[in-house]
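Each chain is listed here by its residues.
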Amino acid sequence: MIEIENVRKSFGPLEVLKGIDLTVQKGEVLTIIGGSGSGKSTLLTCINGLEPIDSGRIKVDGTEVHARGTDLNKLRTKLGIVFQQWNAFPHLTVMENVMLAPRKVLGIGKAEAAAIAEKQLSHVGLGDKLDVYPSRLSGGQQQRMAIARALAMSPGYMLFDEVTSALDPQLVGEVLDTLRMLASEGMTMICVTHEMKFAREVSDRVAFFSKGVMAEIGTPQQIFDAPQNPETAAFVKMTQN
Amino acid sequence: MFDTALTVQDMVFLAKGAGITLLVTAIAVVLGTCLGIIFGIFRFQVGPWWAAPLTFVLDVSRSIPLLIQLVLANAFMGMVLKLKMSGFTVACGVLTLYTAAYCAEIVRGAVGAVPFTTRRAARSLGLSWWQDMAYIVMPLATRVALPSWIGLALGVMKDSALVYIVQVTELLKSTQILITRLQEPLLLLMICGAFYFVISFPIARFGGYLEKRWSND
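First to last, the protein sequences are chains A and B. Here my numbering is used: the first sequence runs in plain steps of one and ends on residue 296. Here my numbering is used: the second sequence runs in plain steps of one and ends on residue 226.
To be clear, the hints were calculated from the coordinates, so they are not data collected in a lab. Because the structure is a prediction, the values reported are computed rather than measured. Backbone N, C-alpha and C fix where the C-beta goes; we use that ideal spot for every residue, glycine too. Careful: at least some of the hints might be erroneous.
Derived list of chain A stretches under chain B, where covered just means 3 residues or more per stretch with a C-beta under 8 Å from a C-beta of chain B [unchecked claim]:
1. 150-160
2. 199-209
Examples of chain A residues lying across from chain B (beta carbon under 8 Å, computed) [what the hints assert, rightly or not]:
3. LEU105
4. ASN128
5. LYS129
6. ARG131
7. THR132
8. ILE136
9. PHE138
10. ASN142
11. PHE144
12. HIS146
Chain A with its partners taken away, still in its complex shape (with noise of 0.2 Å):
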């Protein structure tokens, strides 16, 4: 279980979180929606403490994110993230890439690192991509990646930030299948997105945020098609232009 309460956070006098609860249940699909600047992004990197906050708590399966003496680097195996920009380690082929944290990490051999590698990436449809750069692949495959990379972790919970924000059209689709598929098979997810059809079709909840605070949070029915907040339905308007 994610608990956030009252949290919040600055960039110099710029508040981009101002006191958001939220409470994210095992196996939950959490979608955020809103505009930009918004604060959602902020609130997936303040999760797994790669951005610290000013006030207030979060919290991952108990243990409190932001407390002095917490192991961050043992809690983030726990919380696997994905970025807008996928950010493949050019270096390494993409099997390594999905090797890396579970050797250096978690300590796996490497026979089995390559075996969960090879199962991760198979699962997300890159069986036959193990051995190459990923310069090679297209932004969807690089994402795919990405994710294998973080589900080789076997993390309890999968934060996706914008993950198809930066693909071709063309390329979106099969991110959003991918994902479809973790949500269907029971993954504990939050994730921030633009795509307005992939938010109502997945989500168990989706939450709205405008200017750093939740305006509203709800059934996919509810913010869609009877938002109680006028800003949610102005936005929700707005977008299925």
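For chain A, the structure is supplied; the task is to place chain B on it using the hints.
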């Protein structure tokens, strides 16, 4: 011009000079690169403010002509600290610091060239700072730094000719000794140049080979 009094012993003498050039260069480049990596990463990591004292020392080493540094360092060791230090040791010390100063800049730039987002992705997988450095930053930064570093190594090799000033008889000094005796400057300088080329060429080619090998990924 080719009817010369140059003997086999003279060639051996030149080869020994070349050996000293190679030795001084090897020591300075190996130690200087190690120090340069440490200094460069330190400067990148702590930012300009905290690194200011180190930056100043490195700037001094880069700005003052090597010849002056050698003379002053030699005088300082002998007359101020009263240490019985050989010219060879002083030469290696000064050249090492000189190499480190340039190398630190190369390393700082190369580490900075590794995208922040790539490093963040590595850390997000649970890799520690050291693991990120070892498995992501160093391999990627090395590719960026290599051409400049090869240039530095070749430059230091040629600059090492200046260590004659602290009584180290390296290749150029050996050549000058022979010129004084044989009065055949052109031939001897051609041979000397050939020696430098023979030393440099493999280093340059090795750099080219590594670049090519790394470019397919």
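Comparing the hints with the structure gives:
1. 150-160: holds (count 4)
2. 199-209: holds (count 4)
3. LEU105: 6 Å, holds
4. ASN128: The hint holds - ASN128 (chain A) has a Cβ within 8 Å of chain B, the shortest such distance being about 5 Å.
5. LYS129: 7 Å, holds
6. ARG131: Result: holds, 4 Å to nearest chain B Cβ.
7. THR132: This interface hint holds because 4 Å falls under the 8 Å limit.
8. ILE136: Holds. Min distance 5 Å.
9. PHE138: Holds: closest Cβ of chain B sits about 6 Å from PHE138 (chain A), inside 8 Å.
10. ASN142: Since the shortest Cβ distance to chain B is 4 Å, the answer is holds.
11. PHE144: 6 Å, holds
12. HIS146: 5 Å, holds
Of the numbered hints stated above, none is contradicted by the structure.
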